[in-house]
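Number of protein chains: 2
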Amino acid sequence: MSFDNRVTRMLGVEIPIVQAPMGWIARSALASAVSNAGALGIIETSSGELEAIRAEIVKMRQLTEKPFGVNIAQAFVRDPSIVEFVAEQEVEFVTTSAGSPMQYTKALKDAGLTVFHVVPTLRAALKAVDAGVDGLVVEGGEGGGFKNPSPVSTMVLLPLVRSKVDVPIIAAGGICDGASMAAAFALGAEGVQMGTRMVSASESPIHEGWKRAIVEAPETGTVFLRQEKGPALRALRTERTERLARGEGNPMAELGGGVRKVYFEGEIEAGVALSGEVAGRIEAVEPVAEIVSRTVREFDETVAKLASGRSGRGDGC
Amino acid sequence: MSFDNRVTRMLGVEIPIVQAPMGWIARSALASAVSNAGALGIIETSSGELEAIRAEIVKMRQLTEKPFGVNIAQAFVRDPSIVEFVAEQEVEFVTTSAGSPMQYTKALKDAGLTVFHVVPTLRAALKAVDAGVDGLVVEGGEGGGFKNPSPVSTMVLLPLVRSKVDVPIIAAGGICDGASMAAAFALGAEGVQMGTRMVSASESPIHEGWKRAIVEAPETGTVFLRQEKGPALRALRTERTERLARGEGNPMAELGGGVRKVYFEGEIEAGVALSGEVAGRIEAVEPVAEIVSRTVREFDETVAKLASGRSGRGDGC
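Going down the list, the protein sequences come from chains A and B. The numbering of the first sequence is this note's numbering, which starts it at 7 and goes up by one. The numbering of the second sequence is this note's numbering, which starts it at 7 and goes up by one.
Nothing false has been slipped in among the hints.
Copies of the same chain are indistinguishable here, so a pair counts whether it falls within one copy or spans any two.
Derived DSS-like pairs (lysine-lysine); straight-line CA-CA distance at most 30 Å: (1) K133 to K311; (2) K115 to K65; (3) K72 to K112; (4) K217 to K133; (5) K217 to K170; (6) K170 to K115.
Derived by calculation from the structure, the hints in this document are not laboratory data.
For reference, chain A alone in the conformation it holds in the complex (with noise of 0.2 Å):
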């Protein structure tokens, strides 16, 4: 059976899953694996490398020849002329963040893009619809990366924004799966984005060091850094990270000098590694087209038990 729903029309790809935008993750190596795999691969813009993403998005034209989407992460990249250069990519998706709705929205769907915005809350939800946007991903507050202060379960938002809104909604936050792609779309999406399962996929840049400290990583394996300015962290349990959770330092400041030495040497412990609660759920590092194909398998499953009595796993006794 195929997916046939709004977010695959809009986005126009076979399987509503969206990579997420992780700042230097979401390049051309793993978004053209992504968009390969049938889905949809995002190329960030949050590291406000704006030269080097040029050149990757002229890379995926040659890796793919799917459709692709770019995120604007609007508190790190302020230069309004991001929409023009987005523009410029040819690109028909993009991903809105970390700002108000109403700064680009508009010129984004003049210059013919469609606009998904990212949304922690029902009040953001409300001022998307308000400004014009396509769609919505509702990101929970199990998700990594930055987060709102009052982190909301995916769980609990999802369903209340859906309750709320008619845009159609991708979900964030908690997804690495089949079973958790068919809990999103009962909860009301019709898509889903996966950040960390990405993060830790075979295509990812980053280096085998945070690869391997999300496999082993145990469910209650990440801490919530709040701040007292500014947007809160989900990261990987750490000493350094304890530390940040218990207020001794600044977050934020983690994320400058020490990122580099995270992402591409491996040491885990000289920043902040940024990744979700589903880091306790996931057991290998393996290709994109696996963890896409096999989360369509594992829905498909999923929903058929679901559908074949009320018994969830059903079975036994």
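Based on these hints, arrange chain B on the given structure of chain A.
Frame of chain A; chain B shown alone:
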């Protein structure tokens, strides 16, 4: 279509919804309404008021002919004669929580009871299975009340535990309607537990002021109170609990004298009003029978929609 799975069979109920065992609240007025609706009411013992509980169980027999259960919150009821006490009540189902599953499982099973242990992590789940429990209540961090200091959301914890154990699972945390119940089943549950939803029900014995505070709360309207020692707590966000969240004062001490004022006089700022994130999804005080029947109807609609295509909401565009 009727439910028929290990949870309905083990509990002897038509509908695999269990009411959570909130201290002082999970007494005969509420629990009998739940059992009479075809689900499972549970009587608490965490208040420690065992003589009052004994009288409540006598009342239960007058108010319902349906099955009901008892909870033993081990951290709060330290007298080992609690096993004898529960066995004497001639109930068939008990949940144990807030303590080691090694402590009472064997004695309870020897007394002929079906035992489900409440777990907040995979490690606790494996330990409970080793101790011989019949099933698990897997409790995500979005739920209200006493919590593991490293909370894991239902979307992550439930499928993780499901993939590692064979016993039936009742999902708790984030569940208040048919969509969230269907999501929990997609993640491997065969039953769900509702706490905050039942706290807010018409038959719940708490003051209207607390029920109103639940109805008015947004989805960001709870705080997670960590403690140096012992369990963490999730409670409604108030001036008092925000102070506690900033580390001013001891949350456990707040559960002392203020409890009765919060619970029965509606003075929300007099103490800590325990609540899950689903407070943000509850829009009205409703009778238990209506909550249960609507949940079942929504569950069926959600599963039918999922099965009819991979479209989530599926229409529009």
